[in-house]
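**Student:** Given next are the chains, with one letter for each unit.
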Amino acid sequence: MKPSTTPKRRQGSALNTSAKKTAVDKAAPRGARSQQTRFVSRLRAWGRHHRSMAWDSFQRLVRYPIGNLLTMLAIAIALVLPAALWLTLDSARLLDAELDESATLTVYLELAADEAQALRIEEAVNAEQSVLETQLISAEQGMADFQQALGLDDALAGLENNPLPISIVVRPANVDPAAMQQLANTLEAFSGVDEVRVDLAWVERLRNLAELGRRVALALGVLFGLGVLLVVGNTIRLSVESRRREIEVVMLIGATHAFVRRPFLYSGAWYGLGGGLLALGLLGVGNHWLSLPVAALAASYGASFSMPQLDVTGSTILLSCSTLLGWLGAWMAVTRHLSSMRPR
Amino acid sequence: MIAFEHVGKRYGGRFEALAHLNFRIARGEMVFLTGHSGAGKSSLLRLVMRLEKPSRGRVVVAGHDIAQLHASQVPFYRRQIGVVFQDHQLLFDRSIFHNVSLPLEIQGVEPRESARRVRAALDKVGLLHREKALPIELSGGEQQRVGIARAVVNKPALLLADEPTGNLDPQLSADIMALFEDFNRIGTTVMIASHDLALIARLRHRILRLSDGRLVADEGAV
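Which chain is which? The protein sequence lines are H and R, in order. Quick note: the first sequence, position 296, residue 296 per the numbering used here, numbers continuous. Quick note: the second sequence, position 136, residue 136 per the numbering used here, numbers continuous.
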């Protein structure tokens, strides 16, 4: 059937004409202006019903605090895990930015090259467009670093000649693996250059790990989002069942599906919002609880690492998502139920 | 107002609840529908309310074949019909006032206007002083009057009643019928299913008699 509204309107007027005119009928203005005022008044009525249903469903929530709190807690727990993982990955992204800075090429000069030659080569390297900055490391400096890194002072001190070449550490403008490899090839062709090392493998590994984590977080997010839908859906299903009589009566006297659905949608949204707030609380508590050992652990590596916090944007996203999920869960439950409900 | 054209209704393929119904009810008429229980009175009312569609024939209300109404239009159709149920269908967790205001709430009538109309309807059925009571605190006759107030609160052009005096004593039944006559007098088309033959015979309105889903008599038509 066509989604036209004319039949019911015509029907309405046909039916109404027979009734003796009420005060309201007489008061109702006619013509084009009446169309507009009717639209405005219907809009007002719609807003009024939304407000009253939002408040009504909130009061129902407060009336049974324990049971509803448990529902929200279930939602919160389902939200905390993906949110926490997401937060961790977010801080890993910060780490990633630092990694970019530490992505370097090391240019080893031929052993025969002396200081002056090295300076010339460094200049040439610096002239390359894709080079951000360079650092010359003398053979002595290289040896000192090596000793420190290995803790082999004595063994190396026994060497007569310094076996290490002068090296240049190059920080490329573009840390893309392919670009770095290309730069390495270019630099290797310079005269006086023995070898160019690209320190990429572990950067790549970390990147892949982060990508894996991101996908796991996404999958978990989807799964637990479905979990929230089911929790809310089930709760709303029970509440629809308990108000079955009321629904049947109002449908009998002309309530639309939207009218019947509305209070339950608000209930679902409240559940979602409550669950989201609880999840935020749980994240805060977990954060606090973990921050000390994490700081200690980081300190033992000589690094400073602060636990990632959900900022205002993150919190807003979490709350919007949970509210939306609650609403959607309720919608699915009520819609499925309404189709099976027939007024007696 | 209402026209049944060769209407038949089968349930579950076999059982024939209504068959070959042909009649018309004019605007402003008051009609009783009678017959033994199981004769099809309720089925007929359910067809008019569009709770069900006929298996055969057409039910035309105010010029429209209501089987053609889209599901989304049915609520708007029902808003124009006041229905009084034998078991009242009141909501027991709401006051009398809220029960009566339900149809207006559904239609989004502005609260002050709604309150005015609810009080007018309650006044009409003589229950204005009980507006704050819960349905459970009322007697059967009073509950039925609340049901009637709810059915007429939005001034429907058509008023249907299914055994409205089913469980009431003769005096209360007569009072209820007098109420329906009042509404009929101001132009409302009224259709009442009842098996209280003695009572409806006294009232001198048109009577449609059903038996085994067939119309066997149409008495007192104007």
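Hints are computed from structural coordinates only; laboratory data are not their basis. Where hints are given, some of them may not hold.
[Claimed, not checked] Examples of chain R residues lying across from chain H (beta carbon under 7 Å, computed): (1) Arg78; (2) Arg79; (3) Ala201; (4) His205.
[To be verified] Residues on chain H that point at chain R, a partial pick, calculated with CB under 7 Å: (5) Phe39; (6) Val40; (7) Leu43; (8) Gly47; (9) Ala217; (10) Glu246; (11) Thr256; (12) Ala258.
[Said to hold, decoys possible] What follows is a list of derived Cβ distance ranges for each label pair: (13) Pro170(R) <-> Leu43(H): 48 to 54 Å; (14) Ser339(H) <-> Arg58(R): 23 to 29 Å; (15) Ser52(H) <-> Gly126(R): 28 to 34 Å; (16) Arg204(R) <-> Trp46(H): 45 to 51 Å; (17) His288(H) <-> Arg112(R): 51 to 57 Å; (18) Trp46(H) <-> Phe92(R): 41 to 47 Å; (19) Thr313(H) <-> Phe92(R): 44 to 50 Å.
For glycine and all other residues, C-beta sits at the position ideal for the given N, C-alpha and C.
**Student:** Are there hints from earlier that the structure breaks, and if so, what are their numbers?
**Tutor:** 3, 4, 5, 6, 7, 8, 9, 12 and 18
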